[in-house]
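> Now for the letters of each chain:
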Amino acid sequence: MAENGEKIVCRCMDVTVDDIMKAIEDGYTDIESIKRVTGLGRGPCQGKTCIPIAIGIIARATKKHPDEVGYITPRPPVKPVFFELLADEEGESE
Amino acid sequence: MKDRAELVIIGGGVSGLGTAYQLAKRGFTDIVVIERDYFGSGATGRCGGGIRQQFSEEYNIILARESVRMFEKMSDELGQDIGFRQGGYLILAHTEKEAEDLRRNVRLQNSLDVPSMYMEPEEALEIVPELNIEGLSAAAYCPTDGVAQPFLVIKGYVDNLRKMGVELMDHTEVLDIKVENGEIRKVITDKGDIETRMVLNAAGAWSRNIAKMVGVELPNKPYRHEIMATEHMKPWLKPMVISFHNGVYFSQSHDGEIVGGIGDPNEPSSYNIKSSLEFLERFTSVVVRYIPIMRKVKVMRQWAGLYDVTPDARPILGPVDELPGFIQAHGYSGHGFMIHPMVTKLLAEYIIDGKTSIDIEPLNLRRYTSGETIQEKNVVG
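Chains as they are written, first to last, in this note's numbering: chain V, 1 to 94; chain R, 1001 to 1381.
In case anyone wonders, no lab produced these hints; they're calculated from the structure. Hints are not guaranteed to be accurate.
Straight line, CA to CA, 27 angstroms or less: simulated BS3-like cross-link-like pairs of lysine-lysine [what the hints assert, rightly or not]:
id : chain 1 : residue 1 : chain 2 : residue 2
1  : R       : K1298     : V       : K48
2  : R       : K1296     : V       : K48
3  : V       : K63       : R       : K1163
4  : V       : K22       : V       : K79
So here's chain V without its partners, still in its complex pose (with noise of 0.2 angstroms):
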């Protein structure tokens, strides 16, 4: 069984459960603050599988209900998109 610091929660940022355990030490507990504190889904899935998971361990930890962690807002686009494929380069760019 690995240990709390090797067992990652956020697989684009590294960020394990001791991470996320530290963070509440330092007394943040939703999970707003907590992804901008360990950088928690901040990489290019931006927290799809993670965030739930962390939810759970933060609820957890808090004793808190799911409900009360919080959730993060979400932030278009859905998938990482080519600048080329938004960028007009044909029209006036200025």
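Assemble the complex: chain V is given as a structure, and chain R must be docked to it using the hints.
Chain R alone, transformed into the frame defined by chain V:
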């Protein structure tokens, strides 16, 4: 929670938390900081993290210069890496008029010990080899400008303030402020009342609503500004690149994302912070024109925040004449994060000593009624 405090600070961004930190550092800790959402949830946590000294107006240049000196020491002082990286700011001009403005601003900045330099477009290629200089008339570069991670600054302040014994209340809303006989008496929140004689209004774009509670009208207006971050890349873009021609700015953060935005002159004043596809289209169009290799980079996420804009694009600092215990720390007009270290130090001096090492009188609210205003022109985003 405390039911009385010497000072209540409304707003948990860098303005409020920074002032609390500067006060606590000098032993003034009888403070409650109130934040409606999580710390840094307003403009601080949504901003691009740019730190620039290249302003057009003397006062902003001095505040930014002193703030850069404080940012240079901040990671050590707070015991928290704030992701500060001095890659400079490269300003791109398109027209002869813009080139002349850069020349004049560089002269003023140099006279105030800011090491900015005017350059021909070809010289800018030495700083950003990937730049397409077609259509550019000039550039200006200041190597000591840079970027930092706003949320790491917030974390540094929060962690230190908790250790210093300052009461921090997040997820708490101020409902009203009671005034009697021309003095503040009480701040009423949804978690209880706090007796106090002094309030620091550091609520960013919502400061005007706080001021209304005590009958003070502020000229500030909120404007949405959109911003995005790309996927993480190896470090390759040294400076923050900006242009006053189209209001674009973008830089690479210390963890490898490119973070940037672009202003929209048609954006109406509102509290809307929704993201739009139009923003991504406009931003990417300008960026690939400047840096063609950006075509193959992916947008990872986009969001928006509010600029708290004053009529002269300069902050409102210090007491208001009709209610001296009501101190203002807002109206940063899109450059609050970058000047907050010096601004908060001056506010702490005002609160403890009653005077400041740099005169903040020119930034008092009364300038809008006395007519003594100087416009800051260098605003992007």
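> Between V/K22 and V/K79, does the CA-CA distance stay at or below 27 angstroms?
30 angstroms, violated
> Given the proposed pairing of R/K1298 with V/K48, does the C-alpha separation stay at or below 27 angstroms?
Roughly 18 angstroms separates the two Cα atoms, so the pair holds.
> Run the distance test for R/K1296 versus V/K48: straight-line Cα separation, threshold 27 angstroms.
24 angstroms, holds
> Given the hint that V/K63 pairs with R/K1163, test it: the Cα-Cα distance must not exceed 27 angstroms.
Holds, because 24 angstroms separates the two Cα atoms, which is no more than 27 angstroms.
Checked against the numbered hints given earlier, this structure breaks only hint 4.
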